[in-house]
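Chains as they are written, first to last, in numbering that gives the first Met the number 0: chain G, 0 to 200; chain L, 0 to 603.
Errors might be hidden in some of the hints.
Said to hold, decoys possible - Derived SDA-like pairs: lysine to any residue, alpha-carbon spacing no greater than 25 Å straight-line:
{"hint": "1", "chain 1": "G", "residue 1": "1", "chain 2": "L", "residue 2": "579"}
{"hint": "2", "chain 1": "L", "residue 1": "541", "chain 2": "G", "residue 2": "165"}
{"hint": "3", "chain 1": "L", "residue 1": "341", "chain 2": "G", "residue 2": "58"}
{"hint": "4", "chain 1": "L", "residue 1": "447", "chain 2": "L", "residue 2": "496"}
{"hint": "5", "chain 1": "L", "residue 1": "314", "chain 2": "L", "residue 2": "340"}
{"hint": "6", "chain 1": "G", "residue 1": "141", "chain 2": "L", "residue 2": "578"}
{"hint": "7", "chain 1": "G", "residue 1": "141", "chain 2": "L", "residue 2": "545"}
{"hint": "8", "chain 1": "L", "residue 1": "375", "chain 2": "G", "residue 2": "106"}
{"hint": "9", "chain 1": "G", "residue 1": "176", "chain 2": "L", "residue 2": "579"}
{"hint": "10", "chain 1": "L", "residue 1": "341", "chain 2": "G", "residue 2": "68"}
{"hint": "11", "chain 1": "L", "residue 1": "6", "chain 2": "G", "residue 2": "165"}
{"hint": "12", "chain 1": "G", "residue 1": "177", "chain 2": "L", "residue 2": "44"}
{"hint": "13", "chain 1": "L", "residue 1": "341", "chain 2": "G", "residue 2": "125"}
{"hint": "14", "chain 1": "L", "residue 1": "539", "chain 2": "G", "residue 2": "172"}
{"hint": "15", "chain 1": "L", "residue 1": "47", "chain 2": "G", "residue 2": "96"}
{"hint": "16", "chain 1": "L", "residue 1": "509", "chain 2": "L", "residue 2": "541"}
{"hint": "17", "chain 1": "L", "residue 1": "51", "chain 2": "L", "residue 2": "481"}
{"hint": "18", "chain 1": "L", "residue 1": "541", "chain 2": "L", "residue 2": "485"}
{"hint": "19", "chain 1": "L", "residue 1": "596", "chain 2": "G", "residue 2": "125"}
{"hint": "20", "chain 1": "L", "residue 1": "539", "chain 2": "L", "residue 2": "509"}
{"hint": "21", "chain 1": "G", "residue 1": "1", "chain 2": "L", "residue 2": "331"}
{"hint": "22", "chain 1": "L", "residue 1": "51", "chain 2": "L", "residue 2": "71"}
{"hint": "23", "chain 1": "G", "residue 1": "87", "chain 2": "L", "residue 2": "331"}
{"hint": "24", "chain 1": "L", "residue 1": "539", "chain 2": "G", "residue 2": "45"}
{"hint": "25", "chain 1": "G", "residue 1": "112", "chain 2": "L", "residue 2": "189"}
{"hint": "26", "chain 1": "L", "residue 1": "541", "chain 2": "G", "residue 2": "125"}
{"hint": "27", "chain 1": "L", "residue 1": "539", "chain 2": "G", "residue 2": "175"}
{"hint": "28", "chain 1": "L", "residue 1": "573", "chain 2": "G", "residue 2": "97"}
{"hint": "29", "chain 1": "L", "residue 1": "47", "chain 2": "G", "residue 2": "171"}
{"hint": "30", "chain 1": "L", "residue 1": "341", "chain 2": "G", "residue 2": "107"}
{"hint": "31", "chain 1": "L", "residue 1": "262", "chain 2": "G", "residue 2": "86"}
To be verified - Some chain L residues flagged as far from chain G (calculated, every beta-carbon gap over 12 Å):
{"hint": "32", "residue": "322"}
{"hint": "33", "residue": "543"}
{"hint": "34", "residue": "570"}
If you're looking for bench data, these hints aren't it; they were derived computationally from the structure. Quantities reported herein were computed from a predicted structural model and do not represent experimental measurements. All residues carry an ideal CB built from backbone N, CA and C; glycine is no exception.
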Amino acid sequence: MKYSIQIVGVGGQGVLLASMVLGTAAMEAGHRVAMSEVHGMAQRGGTVLCTLRFGDGVHSPLEAAGGADLLMGFEPVETCRNLNLANKDTKVLMNLDPVYPSMVAAGFEEYPKIDDLVKAVSDVTDNLVTIDATSIAIEAGKAVTANAVMIGAVAAAEGFPLGKDLLKDALVANVPKKFVDLNLKAFEMGYEYMSSKRKRA
Amino acid sequence: MADILSKGGRDLLLGNEAITRGLMEAGVGFASTYPGTPSSEVGNLLEKMADKVGMYFEFSTNEKVAFEAAAAAAASGVRSFVFMKHVGVNVAADPLMTLAYSGVRGGLLLMSADDPSCHSSQNEQDNRIYSKLALIPMVEPSTPAEAKDMVPAAYDISEELGMPVLYRTTTRVNHARGIVEYGPMAEAKAKGRFEKDVQRFVNVPAFAKRNRVRLLELNAKAMAMSEKSPLNRVEGEGPVGVITSGAAYNYVKEGLPGVSILKLGFTNPLPEKKIADFIAGKEKIIVAEELEPFLEDQVLRICAQKGLSVPVYGKRSGHLPMEWEYSPETMRRLSGLVDVEKGPEPLPLPDVELPGRPPTLCAGCPHRGIYAATKKAVGKRDVVYCSDIGCYTLGVQPPFGTADFIVCMGGGAGAAGGFSKATDQMPIAFIGDSTFFHAGLPPLVSAKFNNHKLTMVILDNRATAMTGHQPNPGTGRDFGGISTEPLDIEAIVRSVGVDFLEVVDPYDVKASAAAMERALATDGVSVVISKRACPLELRKRKALEPRLCEVDQDACIRCHICLRTIACPALQKKGDDVSVDELQCIGCGMCVSVCPKGAIKVVK
């Protein structure tokens, strides 16, 4: 077994933390793990991409375009920008809550309609699941727990090779103590969301 | 969270965390740096924990000073570590070249963190070449686990030879994460004694000539060690041989099944006999390495010298690129030569126009204020904006466009002097506080000495911000049991005898623009110090006063001057209206200062 996850989003959305949680769970499950992340200039409001690979014979911290088993899109535009990381069998989890780039906020560029972005992705893959992770996180108590919502949703996804309990333990190990309960609540809400979506499907 | 001071066990570590742990397992007693991505996390960790393991650590003013300090410690018998990003080695190259002649007593590693693909750098120079230029041994890890384990191994090489060792990493080692097993910690020896030996440590021509011969002899000894080193090993069998090092090894290992790999970790001097033995009898050889054909050209030379007529493929044959970092996809360029792992077809990129998301100056970043003020003062004058290395480089973007010429640390100020004499344009040099101490003082002194007409704007945001808010001489030091007072940039500049000097608060854009007007009108060297702490740093220290700006929609005339001059990400335009994003706004009031109608207010 070899499994590749690509996590894309924007600095400040907790992409690095999400990759740490998933990576820790993969390590605890006894897998080889290789990851890569971005730091420095790339974090100043720019796109953030984390790659996590685990399983037998894993050495490379990078994955080829089209090589992802799971694409976690923390932001709709960034999901579209990085869609070539996925192939037709890749599970794509797409958060629909946008983070406006500075030139959009200032009115110099347009942000596309969310529906158009969803349609563009679902036109090329049958494996898209959308989620309002930020809204769910706000309901859980704080917008910054959107990453825990996303991890919870992934835990309930069909065929995801890391168990729910392992992921919860890894989440607890990687967030500050005073935010553990809040994050676990967000995780469960993400898990519920994905479970009910699967039931309906 | 990883605890790199852990007694045992394993963790999922960033390459730079693994390297820091490696220093502790090697008993390193002295470490110095100037921050630079992708090496910076090592310094941030040592700032917090060096004293806990008995190690001395400092942020030096620049890489040259950091290198010289570590060289002295190593010459005194203390295991020392000096680290920097690749371009930092250019700054440290002067002492490096001659320290190689003197050698060291305690081990000395120089970590060069290279950045193929320029993730956060201005070039992608391959610093492996420094090992041949300085004639010093080099080791290259491929993964975080190796990065830790190769630290003590490299110290053993350094001490057996009495030579500094180049410890060369790349972004995909420093910023990769992998499982690392903790080994036993060694006791750090932070104090030694410098035993004088002028023939070795004073390279006057007569001694230098002899030391050069000694250095060449040591290189022969180093090659013999490289031949036997476990860091150079053969993996697998097959008619096709792949010679590789660094991050490229990972892509070879996964992407080229069925080949025999010569994995090189001790890469200068190369184990020439081992390489020749590996090549002999192979059908073909592929050399896979990022950037320059450093290994490949030596492999071709070894083949020529040993009379081996095995074809060698790589960059020189046009199969592999010289530019940018490698990835699993790079290996697919070798199909036809060898079996390659082919992946599934990528999905097409959607046919929707996506807005760009380049890195940008933060909401409330004081650089926005001084850039807006400068542009207002400049008006239609023909200026050349010389900029420098730091967050303020992002001034290159609209609406500022305040970067026309950037080369290196301190380079903007030096170039401004050249523009002032070689053109009739007005040079304005932007430089950060840490960069000013690093390399900004010599060009300022030169400008005064040579009667340049230029304006230097020192963007003093009270931190080395871009690399993670490290302290610098302008902030003073307060870690590792050592406290020092901040150095006063204003007093330093005044002592140079510049023709104009003012200190401004960039949040007051109007007053800053007026000061810039006076500076530009000065016939001579004018300096404006734009002083305001980085709000990210304040927030980190929980010292940011929570305030908020608010737009009075009745008073706003929709002129959008605030957007066009400050372009703060906290200002949002919806339709024709401008509002404030409460999540991003820090209430700095820069937008208040540019609003012609007083329609924006700072509220609690």
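Verification of the supplied hints:
For a cut-off of 25 Å, the pair hint linking residue 1 of chain G to residue 579 of chain L is broken: about 46 Å separates their Cα positions. About 33 Å separates the Cα atoms of residue 541 of chain L and residue 165 of chain G, which puts this hinted pair outside 25 Å; it is violated. At roughly 16 Å between alpha-carbon atoms, residue 341 of chain L and residue 58 of chain G fall within 25 Å of each other, so this suggested pair holds. Under the criterion of a C-alpha separation no larger than 25 Å, the hint pairing residue 447 of chain L with residue 496 of chain L is consistent with the structure, at around 8 Å.
The straight-line distance between the Cα atoms of residue 314 of chain L and residue 340 of chain L is roughly 20 Å, inside the 25 Å bound, and the hint therefore holds. Straight-line distance between C-alpha atoms of residue 141 of chain G and residue 578 of chain L comes to about 23 Å, which keeps the hinted pair within the 25 Å bound. Taken as a hint, the residue 141 of chain G and residue 545 of chain L pair is honoured in the structure, with Cα atoms around 18 Å apart against an allowance of 25 Å. Taken as a hint, the residue 375 of chain L and residue 106 of chain G pair is honoured in the structure, with Cα atoms around 22 Å apart against an allowance of 25 Å.
In summary, the hint linking residue 176 of chain G to residue 579 of chain L is not supported, as the alpha carbons are separated by about 33 Å, beyond the 25 Å threshold. Distance check on the hinted pair: residue 341 of chain L and residue 68 of chain G sit about 15 Å apart at the alpha-carbon level, within 25 Å; holds. Using a Cα cut-off of 25 Å, the hinted pair residue 6 of chain L and residue 165 of chain G holds, with the two alpha carbons roughly 24 Å apart. Proximity of residue 177 of chain G to residue 44 of chain L is assessed by CA-CA distance (about 23 Å); at most 25 Å being required, the pair is judged to hold.
A threshold of 25 Å between alpha carbons decides the hint, and for residue 341 of chain L with residue 125 of chain G the separation of about 23 Å falls inside it, so the pair holds. The straight-line distance between the Cα atoms of residue 539 of chain L and residue 172 of chain G is roughly 22 Å, inside the 25 Å bound, and the hint therefore holds. The straight-line distance between the Cα atoms of residue 47 of chain L and residue 96 of chain G is roughly 37 Å, outside the 25 Å bound, and the hint therefore fails. At most 25 Å may separate the alpha-carbon atoms for a hinted pair to count; residue 509 of chain L and residue 541 of chain L exceed this at roughly 29 Å.
A distance of roughly 13 Å separates the Cα atoms of residue 51 of chain L and residue 481 of chain L; the hinted pair therefore holds under the 25 Å criterion. For the proposed pair residue 541 of chain L and residue 485 of chain L, the alpha carbon gap of about 20 Å is at most 25 Å, so the pair holds. Between residue 596 of chain L and residue 125 of chain G the alpha-carbon distance is near 53 Å, which puts this suggested pair outside the 25 Å criterion. Restraint check for residue 539 of chain L and residue 509 of chain L: the C-alpha separation of about 29 Å exceeds 25 Å, so the hint is violated.
Using a Cα cut-off of 25 Å, the hinted pair residue 1 of chain G and residue 331 of chain L holds, with the two alpha carbons roughly 19 Å apart. Proximity of residue 51 of chain L to residue 71 of chain L is assessed by CA-CA distance (about 23 Å); at most 25 Å being required, the pair is judged to hold. A threshold of 25 Å between alpha carbons decides the hint, and for residue 87 of chain G with residue 331 of chain L the separation of about 20 Å falls inside it, so the pair holds. Taken as a hint, the residue 539 of chain L and residue 45 of chain G pair is honoured in the structure, with Cα atoms around 20 Å apart against an allowance of 25 Å.
A hinted pair counts as satisfied when its Cα atoms are at most 25 Å apart, and residue 112 of chain G with residue 189 of chain L does not qualify at roughly 61 Å. Straight-line distance between C-alpha atoms of residue 541 of chain L and residue 125 of chain G comes to about 46 Å, which puts the hinted pair past the 25 Å bound. Simply put, residue 539 of chain L and residue 175 of chain G have alpha-carbon atoms about 15 Å apart, close enough for the 25 Å limit, and the pair holds. Distance check on the hinted pair: residue 573 of chain L and residue 97 of chain G sit about 15 Å apart at the alpha-carbon level, within 25 Å; holds.
Distance check on the hinted pair: residue 47 of chain L and residue 171 of chain G sit about 24 Å apart at the alpha-carbon level, within 25 Å; holds. For the suggested pair residue 341 of chain L and residue 107 of chain G, the alpha carbons sit about 42 Å apart, so the restraint of at most 25 Å is broken. With a CA separation close to 32 Å, the supplied pair residue 262 of chain L and residue 86 of chain G exceeds the 25 Å bound. Every Cβ of chain G is farther than 12 Å from the Cβ of residue 322 of chain L; the closest lies at roughly 16 Å, confirming the non-interface assignment.
With 12 Å as the threshold on Cβ separation, the claim that residue 543 of chain L sits away from chain G holds: the shortest Cβ distance comes to roughly 15 Å. With a cut of 12 Å on Cβ distances, residue 570 of chain L falls inside the contact zone with chain G, its closest approach being about 7 Å.
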